[in-house]
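For reference, the chains in residue letters:
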Amino acid sequence: MTDGELVRHTLAGRTTAYDQLVRKWAPRVTAVCHARVGRADMAEELAQEALFRGFKAIASLAEVEKFGPWLCGIATRVCLDWLKDKDRTQVSFSAIGEDARPEEMPDHRSSGHDPELDEDLKQLMDEVQKLPAKHREVLMLYYYEDCTYEDLAKILECSAATINARLTQARQMLREKLTRRVDTAHH
Amino acid sequence: MDCEHASNLISARIDGEIPPADQAALDEHLATCPGCRATMEVLSAQDAALQKAFAPRRRVASKVADAAIARIHRDHVQSFRPRRFPFLTMALSAAAGFALAMLIVQPWRQSSTGGGGKIVTTQPVSPAIPAIAHLALATGTIEIQPPGEDKWQVMATGAAIGPNSRIRTPLNVRCEVVMADQSTIRLNSNSEVLIGKGRDFTLATGQMWSSVAKAADPFTVSVAQASITALGTEFDIAADAQQATLTVIEGSTRVVGKGGERVVKSGNKVRISGGTPGEVQAVGNLIVATGWVNELLMMKGRDNTELSKRVDALLAAIGNEKMMYMYEDEIKALGDHCVLPLTRYVQSPLSASDPRKRHHAARILTEMAQPWSIPELIELLKDNDGEIRFYSARALQRLVGHGMGRTPEQWRDQNYVNTYNEWRKWWQDNRERYPVGPMGPTPLPGNTPPLPAVKARG
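So the sequence lines, in the order shown, correspond to chains A and B. Taking the working numbering, the leading residue of the first sequence gets 29, the next gets one more, and so forth. Taking the working numbering, the leading residue of the second sequence gets 6, the next gets one more, and so forth.
FYI, nobody ran anything at the bench for these hints, they're computed from the structure. Note that beta-carbon positions come from the ideal geometry of N, C-alpha and C, so glycine has one too. Misleading hints may appear alongside valid ones.
[To be verified] Covered stretches of chain B (in silico footprint by chain A; criterion: 3 or more residues with CB under 8 Å from a CB of chain A, positions within the stretch not fixed):
#, region
1, 50-57
2, 280-288
3, 397-403
[What the hints assert, rightly or not] Listed below are several chain A residues computed to face chain B (Cβ distance under 8 Å; list not exhaustive):
#, residue
4, Arg36
5, Ala75
6, Met153
7, Asp154
[Claimed, not checked] Computed spacing ranges between beta-carbons, pair by pair:
#, chain 1, residue 1, chain 2, residue 2, range
8, A, Asp146, B, Val293, 40 to 48 Å
9, A, Leu108, B, Asn435, 36 to 44 Å
10, B, Gly21, A, Lys94, 40 to 48 Å
11, A, Ala90, B, Pro440, 49 to 57 Å
12, A, Arg81, B, Lys68, 13 to 21 Å
13, B, Gly21, A, Thr190, 13 to 21 Å
14, B, Arg361, A, Lys94, 19 to 27 Å
15, B, Asp80, A, Pro143, 29 to 37 Å
16, B, Pro39, A, Leu108, 24 to 32 Å
17, B, Lys337, A, Met29, 33 to 41 Å
18, B, Arg417, A, Thr190, 26 to 34 Å
19, A, Ala90, B, Lys68, 24 to 32 Å
Taking the hints into account, I'd like the entire structure generated from these sequences.
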């Protein structure tokens, strides 16, 4: 069943159809939130909020087949709202823009990496969270769920070739950063 | 080929996205470029590390989905509860744009409505009439006839119901009505009931299940020239104009007819013919006798406790060695309806403490699983219990016609991570070919990650 059909079922009152949309999109929505706020723990709450708001607002979705990008848009807005929240005014607005610098990301150090990761993987996740926004986003989307370049292209509204290029750049950046870390550690 | 282009292709190869036409060209370049060979090696290792680093994140995403679904169902169910001022229900619904979109009956559905009588589409209850109930759930179009009118009107889920209204269900449509006192009645398909002032009903025809909230006032159903009275209980009545069968599920009820009077206790049924109650008989299995309500229960979400309890009761009965096959058959008699609860039971952490019962459930699933169970059966191939993997593999074999190169018996002894991942991949490629379940789509396994040990792509 396509997303569009599931949306129609949801509108007809079959909430279980939305369950399937939630299961399908939760990894990508969580990835978008993680990439936006740079904190794994907050990403979970914000993603849940976005999935819920999507349900409440589904009647306003104009093109039902574009459910995914629409939902990711909601997730982005939920994250922007959270980042703008008064309690976090120490975050400059530029920190959420396209060129957000990793150093400005809120609390990326205290993002509470998954405890089961070993030191190397924690370092790797640190570096992932420090990637430039557009690279961070595509890499997180890709690794949160096995999806194709084509899927990612639809969500990010670009071409599959762009996805390929950004992923390649992201990987090269990680490679350089990690090599440097190793070098620094050795000297 | 330059190294920049090659690095894009290396990335694409790692991701299993390299176009076939570029395969050979990349190999050729790698053969002559030590730098790109090193890149290939480093990025492959990095990919493996990223897969590992993101594995907990993927599990979190699945928890996020669970939490969001639970919240949505909670919200949804709450929106069905009677409001403090129930007669304002319609107005409130209208105000909430979303609720209206969700709940309003689509005009094109009228044409499918069965039964006689002219149908109009005005609001079912004027706000001036205080509501005594509301339509909580429906599997299709429900009609209402307000007092003093001869026209049947289509009513929306969530709509208020005034006193002395008639409600009817067409073929294959069932509904649940929640009364102001929190009593609940459910109507099977092709049923018609007159709702009196709140605790008095007349079942003209069809089948009605009642769960009666305790109150000083008796709860009475008139049927086939007799009346059935309860104070706080659960019972089911199937009736036409001349005769009726009363099945008492919980508590007790009193049947009074012109030809006599009887008290019927839980687990028993009585046939009422021409106003005379017959002998009280024990019911073979209450769950099966009232199995028709399951369709409504399943609309309440997968974590519906009432439905799980029903299957649980049957599973518990299976524990009785002598009767085992009888109850197993009764579970199977639920048809498709047993599949989801059985699956949930096998998946639930609670069942882990009772492996024997869990094996029974999995064994029944082997026969009863539906094509829409495939994704969940695939997930059960990961189970730590060899018997569960065996039964799941057998069910997959039955549904799909092959075992992905493994016999069910092999799964009993070993956990084949690679074959599990192949199954997942197969499902991703083939799911469009399989139908969705009778109650709408079942979740896909996309919410759980492939096991990280095996990430061999490209």
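Numbers of the earlier hints that this structure fails to satisfy, in rising order: 2, 3, 4, 7, 8, 10, 11, 14, 16, 17 and 18
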